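Asks: Please construct the entire structure, taking both the sequences and the accompanying hints into account.
Residue numbers (our numbering), protein chains in the order written: chain A, 1 to 201; chain B, 1001 to 1305.
Derived by calculation from the structure, the hints in this document are not laboratory data.
Check the hints yourself; a few may be wrong.
Restricting the straight-line Cα-Cα distance to at most 27 Å, the calculated cross-link-like pairs of lysine-lysine (DSS-like) are [stated by the list, open to error]: (1) B:Lys1077 - B:Lys1278; (2) B:Lys1278 - A:Lys41; (3) A:Lys172 - B:Lys1173; (4) A:Lys41 - B:Lys1057; (5) A:Lys172 - B:Lys1078.
All values derive from a computational prediction rather than experimental measurement.
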Amino acid sequence: MFSTRNFNRSKPVLFILILFPSLLWAYQFVTGNLGVNPIEKLMDELGLMALRLIIITLMITSLSNIKNLKSIVVLRRMIGLFAFYYVCLHFSTYIVLDHFLDMQFIIQDIIKRPFITFGFISFLFLIPLASTSTTNMIKRLGFKLWKKIHYLIYPVAILASMHFYVLVRADKTEPVIYMGIIILLLLHRIFKRLTRPQLVQ
Amino acid sequence: MKILGSEITPYKTYLNRRKFIKGSLASAMLATVTSSAFANHDSDLSIYTKNLNENDKLNSYEEITTYNNFYEFGTHKKHPHLNSGNFKPRPWTIKIDGLVKKPQTFDLEKILSNVTIEDRVYRLRCVEAWSMVIPWQGFQLSELIKMAEPLSSAKYVQFVTVFRPEEMPGQQKRTIIWPYREGLRMDEAMNPLTILATGLYGHEMPNQNGAPIRLVVPWKYGFKSIKSIVEIRFLDIQPETSWETLAPWEYGFYANVNPNVNHPRWSQGTERRIGEFKRRETLMFNGYEEEVAHLYKDLDLTKFY
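Replies: Here it is in structure tokens:
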């Protein structure tokens, strides 16, 4: 049985582990060690990391249904916020490094190119999630409303995986795996709902 | 902007170079090793740089050979460099068939002894909106077409890449339909800019760049420049090409570099030159407008992209 304390104790280690790649890539970028096309590489790595973290937050909710892992849910907020952190870095790389703040071009790009549209909407939907993540906010909104807002994670995950799927030119194995995991996790939630014992009033 | 003329090696220079290469080719054939047939690129870099346009800088040998799209060796840019070590580009033959006087198979060495090897510094623009400047060595495709003696009914040329899944690990997976196929209209194929390249930076063509012989069509997106060619077919109808077959709404048969024709995935208005920080404007026909625009004067380029 893993207790809440066990999971809370692992937080500092997890924090460093998840933060580390961004520091490494930043260092490699600045020192010119990120390959021949560093901006593209940086954007790809940051985006992939963000997508993986989004999927992990969904997994945590499902895992918390297992009796012994119930308290794993205490890790969800931190990982979710890290997903937002990586999405922000990914998005700023696109805006600043890739297109040098050429806003007219960027707006056109977001409107015209479906894969960028998907990614952008996914990013927008993450903003309310991140900004209502504090305990204080949960209290202020009430758990019910807060939970409703946080259902946004489903369109976020689906759009993010579609963003990746459309981007890949030929071998779609990796994005299909991510999509498959997301669908399974969603099905698990639906199944849970349908089989939940109804309260008799 | 004036671009092309200055980038072709002047006749006198390539004549000298041709003599040198032919000479060393002959001696190399005696030794049956051709890898020593080309000069070390470090020692005579000026051969390439003096033919450059003022806005263009040569990409380094490392950049050109470690960042490639060559799905036969894997779908990541670094895969061709990492996974092409087992590929054996010699001996090599090219099969000529279709609408020709006499279908035949040429030994690569035989072709090389009949053509003029020149230096050609070209911009390469990938459909993914990045670009490089590459010093190729090669010969005009028109020279091989003359050797092939196509019939007057031949209107198109199709090219086929080698299929060797045991040497090309990317081919063990059906990411695209193997073998890779490309094609040109006859007048595009005969254009003096179109070359078959056999080397870069004075080295024999590295495996990851399409050893031992590949097409280079500098005014078209990179995927038209098919690598490791084993078959050339002359046809009277427009041939099927790999990317067009896979996603016809994204890739057309012509695939001319055109900043005004949008692509659903990448804006084609700008590009990142590898090694540069800021994007630059993409030029019509990749800057070779003067040399090739006449080929398309009757064609609606937004329809035939």
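Asks: Which hints, by number, does the structure contradict?
Replies: none
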